[in-house]
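As they're listed, the protein sequences go chains Y and C. Going by our numbering, the letters in the first sequence line up with residues -3 to 304, in that order. Going by our numbering, the letters in the second sequence line up with residues 41 to 446, in that order.
Mixed in with the good hints there might be a few duds.
Short derived list, chain C residues pointing at chain Y, Cβ under 10 Å [unchecked claim]:
no. : residue
1   : 344
2   : 434
3   : 440
These are calculated hints, taken from the structure and not from any lab test. Here the structure is a predicted model, which is why all the values come from computation and not from measurement. Glycine is no exception: its CB is placed at the ideal position from the N, C-alpha and C atoms.
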Amino acid sequence: MLAELGLPAFCVPEALDGFGLRVDVAASAAAELGAALHASPFAGLTASAHLLAHCAGNPQAEQVLAGVLAGERVCAFGYLGAGDQVARLVDGAPDADALVLLNRARGEFLLLEDPADWTADSRRHGFDLTRGCADVTPAAGRGHLLRPSPEAARRAVDLYELLLAADAVGGVRRMLDRTITYAGQRRTFGKPIGGYQAVQHRLAEHTVRARGMALLVTEAARLLSAEPTAADAARQARRCVATASLSVSSGAPHLLHDLLQLTGAIGFTWEYGLHYYERRAHQDARLAANPRHAQRSLAEVEGWTDGS
Amino acid sequence: MAADLTADTELTAGGPGGADVDAYRQRVRAFIAERGLPMDREGVRVPESAAQERQIRDWLRALYEAGYLGAGWPVEWGGQAGHLPVHDLVVMEELIRGDAYRPLDQVMLAAHAVIAFGSDEQKRELLPRIRAGEHIWCQLFSEPGAGSDLAALRTRAEPDAAGETFTVTGQKIWSTDAQWSDMGLLLARTDPTAERHAGITAFVVPMGLPGVDVRPIREMTGHAEFCEVFLDGLQLGRQHVLGEVNGGWKVVTSGLASERAFVGANAIQLERLFQDLVALARTARLPDGTPALAHEDIQAKLAAALTRVEEVRLIVRDTVERILVEAEHPSDGPVAKLAYTETNVALSELALEIIASAVSIDDDGAQVADRWQHNFLWGRALTISGGASEIMRGLIGRQLLGLPRA
Chain Y
-3 MLAELGLPAF CVPEALDGFG LRVDVAASAA AELGAALHAS PFAGLTASAH LLAHCAGNPQ
57 AEQVLAGVLA GERVCAFGYL GAGDQVARLV DGAPDADALV LLNRARGEFL LLEDPADWTA
117 DSRRHGFDLT RGCADVTPAA GRGHLLRPSP EAARRAVDLY ELLLAADAVG GVRRMLDRTI
177 TYAGQRRTFG KPIGGYQAVQ HRLAEHTVRA RGMALLVTEA ARLLSAEPTA ADAARQARRC
237 VATASLSVSS GAPHLLHDLL QLTGAIGFTW EYGLHYYERR AHQDARLAAN PRHAQRSLAE
297 VEGWTDGS
Chain C
41 MAADLTADTE LTAGGPGGAD VDAYRQRVRA FIAERGLPMD REGVRVPESA AQERQIRDWL
101 RALYEAGYLG AGWPVEWGGQ AGHLPVHDLV VMEELIRGDA YRPLDQVMLA AHAVIAFGSD
161 EQKRELLPRI RAGEHIWCQL FSEPGAGSDL AALRTRAEPD AAGETFTVTG QKIWSTDAQW
221 SDMGLLLART DPTAERHAGI TAFVVPMGLP GVDVRPIREM TGHAEFCEVF LDGLQLGRQH
281 VLGEVNGGWK VVTSGLASER AFVGANAIQL ERLFQDLVAL ARTARLPDGT PALAHEDIQA
341 KLAAALTRVE EVRLIVRDTV ERILVEAEHP SDGPVAKLAY TETNVALSEL ALEIIASAVS
401 IDDDGAQVAD RWQHNFLWGR ALTISGGASE IMRGLIGRQL LGLPRA
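Turn these sequences into a full structure, and let the hints steer you where they fit.
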């Protein structure tokens, strides 16, 4: 269904039947999917597709990419642990039939194209109820090493992190709109709760903050889409992605949790559903090890860690 | 989401005015580097000596003569054909970037009101003197009982039977620059029976007239930027009325797009402040002798502060782009003001935390620290003046979120 809409192809070159590098559109789509609590591993799918499209001459990569673009295959994305060769927290792994795993220590990407080549354990990842997630252990000696261009490798990681942030922003906006509507309708002591400053002013604060988060994601997407002409384009992109990720991963869970308070007891019920968004925003942050990863990343690109 | 935005901090090649704006910016920057009057401390605008006052007036005149101020005025009054609102924004941004003395109300407050509402005689009388740095202006708006709720003002301008002269009695407060102003723009109630916005008239007041008593207020920063102004039996005539009698609310609430776009300059201000914050953390040494910046907890706080600065930068840019094409939402100004002023306070709180944690700061750093301690105190002026943050949140709640009046 996603493939019918062309969603996995936003960051795949036109020569390979994609849309080029439309990170802006991908970010908008991610926000919509987040708002809709969609079950697909969109961030990882988009990052994998971008990476596979930049592994020139690799037949396995070509095959998996073709399957993804045709909507016949689902490729998830994750990080191999440093010591134990287990990829923890792979979004979409339970339903995926291909995996791209980054070994950060070695700077290598491993492509697994046969579900028989790994085991997935999702027992510890039940908090986010809207998407499947698992720890993945690849079978020894299986899979293919990918050799993407360094640029594509960097960008795939940036894409993954940014689209997770976009997902959370979509959820924040949907729930903020819903809470504002509710605050205008729900009455207590003879007037809508949104007419009390204690509620109204917090909603105003959250609105400003949500606008800031959304603009940071948009700006990062714009920079990632641009042809890297400037010498420090990669640094600029990383800075922007880290800023957006830090803002969203530290802001979204807090904001959503306060919306629950502003909604009152009805928001605490299972059926009201705000908890789905809280769970998902937490998972979006966790999948990229944020906010700390973004924080350290920002400190590095800003040159604060040089020791000078 | 915003459409295809271009360039980084500033509006440049992709923005209104195109590549010309870049060239314009370079000219302004060079002019300021060569002739700019330095501004030592944020928010300190009142001269401390006659010599300094001369310098300020000369600098303001130089900006007008060079066409960097007042270019948007009608050509007959010194404006320039082909002027774009974005040019005014560029000038303000470069003044901040160059740490130069920035004109605010002194020569800008009255100009737009006189151009839009003044008689030909008032324009002839007042506009050239603004351009010459001869007239410094101040606001006579707020009162002890009317701050954020300006329309509650009670100062009376009582007309005589013929409606030719007005006797003004009342007290104004928080008038920036009043102690060295030549002219004041006064709001006073001429019809106490009318609905509260409708009975107010705007007047042009020569500050030297009998019945005007200015008393500076020493503020928590140690400076005296604001004044109380007592009006007791001040006599004004028809020639002092700006716009129509009882039409004063319109005079003060209309503003030029280019001046509303000055909100954009605040983004530059925050970016400069953030650089100052990093400089402070680099030079401030903790008890173990290491610079504050070398520590992860400080880096984490700086990273969080940087995300807020970047959020404000983009919020402001978004707002300015809408203002420049006259497509702004009424809540855009309040959103930008709230975001900018509150982030400014957050930065200064972090700066003071770093200073407090440090045992030694070198000589260069001491200057930065001194500036931050001043900013920490001054920053609260911004979250209160021009509509307090609480007013901004209420405006956002009503105008943007559609919630009922609290």
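Checked hints:
1. 344: holds, 7 Å
2. 434: holds, 7 Å
3. 440: holds, 7 Å
In the structure shown, no violation is registered for any of the earlier numbered hints.
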